[in-house]
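For the record, the sequence lines run as chains S and B. The opening residue of the first sequence carries number 1 in the working numbering; numbering runs sequentially from there. The opening residue of the second sequence carries number 1 in the working numbering; numbering runs sequentially from there.
Calculated from the structure, these hints are not laboratory results. Ideal Cβ placement from N, Cα and C applies to all residues, glycine included. Just to be clear, a hint being listed does not mean it is correct.
Stated by the list, open to error - Covered stretches of chain B (in silico footprint by chain S; criterion: 3 or more residues with CB under 8 Å from a CB of chain S, positions within the stretch not fixed):
1. 129-136
2. 196-205
3. 294-302
4. 313-326
5. 331-338
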Amino acid sequence: MSEARIPPSPTPDPSTRAFWEGARNGQLLIGRNTQTGRVHYPPRPVCPFDDEGTVELVPASGRATLYTFSITRAKTPYVVAYAELEEGPRVLTNIVDCDFAALRIGQALRLTFIETEGGQPLPVFTPA
Amino acid sequence: MSLRGVACIAGAYEHPTRKAEDKSTAQLHAEVAIGALRDAGLTRADVDGYFCAGDAPGMGPLSMADYLGLNRLRHLDSTDIGGSSYLLHVAHAAEAIALGRCNIALITLAGRPRSEGVATGTTPRAGSPAQPDVQFEYPYGITVANLYALCAQRHMHEYGTTSEQLAWIKVAASHHAQHNEHAMLRKVVTVEEVVNSPLVADPLHRLDCCVISDGGGALVVTRPEIARSLARPVVTLRGAGEAVKHQMGGQLDLTYTGARFSGPRAFEEAGVTPADIQYASIYDSFTITVLLQLEDLGFCEKGQGGRFVADGNLISGVGRLPFNTDGGGLCNNHPANRGGMTKVIEAVRQLRGEAHPAVQVPNCALALAHGTGGTIGTRHGSATLILERE
């Protein structure tokens, strides 16, 4: 395990402030259509699947599996990945606090947070 | 209405430069414009349709139309789907020609990322904050290389594809590039050299990646009766397809690309099948890009791409499907980080019988050119053209 990369801060917009506020409260919020129940990520005020219904933000359980990953051979190596949430969506993320060489597609992950340059917590995953 | 036979590529030109420290991007656009028009036997005074994408400096086509002195324009299109834009532009030019909106369409691409010292594939680059995906992706350190690597890793997991199989794609490109005096990488490489080159983003190695180059290219598209009146061999559009693939709200599947949609549209319009294609220009930002597209275009079954590309099957004169006989983006040229233009240009050379004799496909009458723009790990455009020699 090497020194951890410190990510740049995200730039929230008026439609995503609640998502990043959720991250400050230890939650990964996903979008849920109140009428159809379908969930999506990244969350947006207009459901990407259906015209009907409104979108509410709901917290993901934080349980996920590793869909795919890549060790980026930068000066400070880091892992970019898609984690498949228990709720379904595959989310772009980092895998942190682990032996990168031991990562395997399909392994169980759990949600955690790392601090970005500006202090905003960023949702990431680590082996469960 | 079908695009089959409604338009022809009458002019094609690839800039010979690979490093243009003393030239501007606009100047490169102008030089390739004149090159393609001269190839067709036309001049700027003939141009009444102009197509460009995000590499063209200025707002849409405005600055370039001004700089080039194009005074007769009555049709404009600056649709940008990254490196695949120029294949889409050929199809859109055919649409405009069929509708009588223009007769002589000029398409230009140029850029100088090499002179500008951009580590295109390995530097995380922040997009505009208004781009809705940026805040959910940029903090995670995405690069072009690691996003393509995500697809390679998943493909290996699902189908058993190996690094050695991917390496065969670079090996084939290098076999072609040795004959191209302008190619950046002319040395023939082996599978061992590719898999032993340093990892950039696992499982992709340095030699799985395309080159970073300056340069550009241009095309002239016109109606068949005008093309037949010109001196050059006539290359006709037989079918075209375009598509976009994205994250689908999190329901993404990284084992395929938008070629799964654009390819069948083009084949249906052309009335041919992958087995009929004698030469294929396949977008090659990375080796994995080629493998996924070959599967999605139907040259082999999904998951069989590794077996398909192995043992020189993409080498002209050796394998079943000669591809990227100029050396492609992997060895020759990737101007402006956008490889779609050169894909069309090499297909035109093959259909005219003007490829290098060592890589020319005998009696090449039917070719495919396919482009991917953006990144297959997130969202990308796909454009497929099927071209024939008249």
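Hints and how they fare:
1. 129-136: Our answer is that it holds, as 7 residues pass the Cβ test (under 8 Å) against chain S, meeting three.
2. 196-205: This one holds; 7 residues, not fewer than the three required, reach chain S with a Cβ under 8 Å.
3. 294-302: This one is violated; 0 residues, fewer than the three required, reach chain S with a Cβ under 8 Å.
4. 313-326: Coverage by chain S is violated for the segment 313-326 of chain B (0 residues, Cβ < 8 Å).
5. 331-338: With 0 residues closer than 8 Å to chain S, the segment 331-338 of chain B misses the three-residue bar; violated.
In summary, the numbered hints that this structure violates are 3, 4 and 5.
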